[in-house]
Amino acid sequence: MVEKDQKEHGFYEVFEVFSKRSHTSPMQYQFSLLAPNHEMAFILAQENFMRREPVVDLWVVKRSDIRKMTEEERDLLKRLDNKSYRLTKGYGYLRKKWREYEQRMFDEKEIFSWGETGDDKRKKRTGSKAK
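First residue of the sequence shown? That's 1 in our numbering, and the numbers climb one at a time after it.
If you're looking for bench data, these hints aren't it; they were derived computationally from the structure. For every residue, glycine included, the Cβ atom is placed at its ideal position computed from N, Cα and C. Hints should not be assumed to be uniformly reliable.
Each pair of labels, with its calculated beta carbon distance range [what the hints assert, rightly or not]:
{"hint": "1", "residue 1": "L44", "residue 2": "H23", "range": "22 to 30 Å"}
{"hint": "2", "residue 1": "T70", "residue 2": "Y29", "range": "18 to 26 Å"}
{"hint": "3", "residue 1": "R63", "residue 2": "Y91", "range": "43 to 51 Å"}
{"hint": "4", "residue 1": "Y91", "residue 2": "S64", "range": "42 to 50 Å"}
Here are the simulated lysine-lysine pairs, DSSO-like style, with alpha carbons at most 30 Å apart [stated by the list, open to error]:
{"hint": "5", "residue 1": "K96", "residue 2": "K109"}
{"hint": "6", "residue 1": "K78", "residue 2": "K68"}
{"hint": "7", "residue 1": "K109", "residue 2": "K97"}
{"hint": "8", "residue 1": "K68", "residue 2": "K20"}
{"hint": "9", "residue 1": "K62", "residue 2": "K20"}
Can you build the whole structure from these sequences, using the hints too?
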């Protein structure tokens with residue numbers, strides 16, 4: 001790939017430019033440019049980019065220094081993506097259950113039980129009267 005770029009562009013090399021707009025924002029890819037060396041690529045990136053938008057940080061990387069994944073490595077990623085246990089697909093029935101519960105008709109006994117305190121329940125079980 002490096003040889004292909006050398007033949008295609010001759011004296012110039014391809015550089016990739018990344019920038020950061022604020023101290024808290026992430027680095028973002030901006031554009032590619034042709035330059036004879038790193039210093040010239042950095043100057044060209046500053047001229048092209050910094051006059052348009054505010055920038056906190058600027059990275060210029062030679063394209064040939066960036067390592068891409070091979071097809072074999074990409075195939076390995078497919079196995080790492082087997083994390084269906086993290087998805088909440090299995091809980092779809094809960095919405096239906098809650099809807100049924102909310103729309104259910106309650107009888108008097110159940111409704112009155114909501115207002116009972118612990119003492120009221122104990123009295124019912126033992127049959128004692130309040131003093």
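Cross-check of the supplied hints:
Between L44 and H23 the beta carbon distance is about 25 Å. The supplied range of 22 to 30 Å therefore holds. Hint check: T70 to Y29, Cβ distance near 21 Å, so the stated range 18 to 26 Å holds. Take R63 and Y91: their Cβ atoms lie about 46 Å apart, and the range 43 to 51 Å holds. Roughly 49 Å separates the CB atoms of Y91 and S64, a value that falls within the hinted 42 to 50 Å.
Restraint check: the Cα-Cα separation between K96 and K109 comes to about 25 Å, which is no more than 30 Å; the hinted pair holds. Of the supplied pair hints, the one linking K78 and K68 holds, its CA atoms being roughly 17 Å apart against a limit of 30 Å. Proposed proximity of K109 and K97 is supported: the alpha carbons are some 22 Å apart, at most 30 Å. With a C-alpha separation of about 23 Å, the suggested pair K68 and K20 falls inside the 30 Å cut-off, and the hint holds.
A threshold of 30 Å between alpha carbons decides the hint, and for K62 with K20 the separation of about 18 Å falls inside it, so the pair holds.
Checked against the numbered hints above, the structure breaks none of them.
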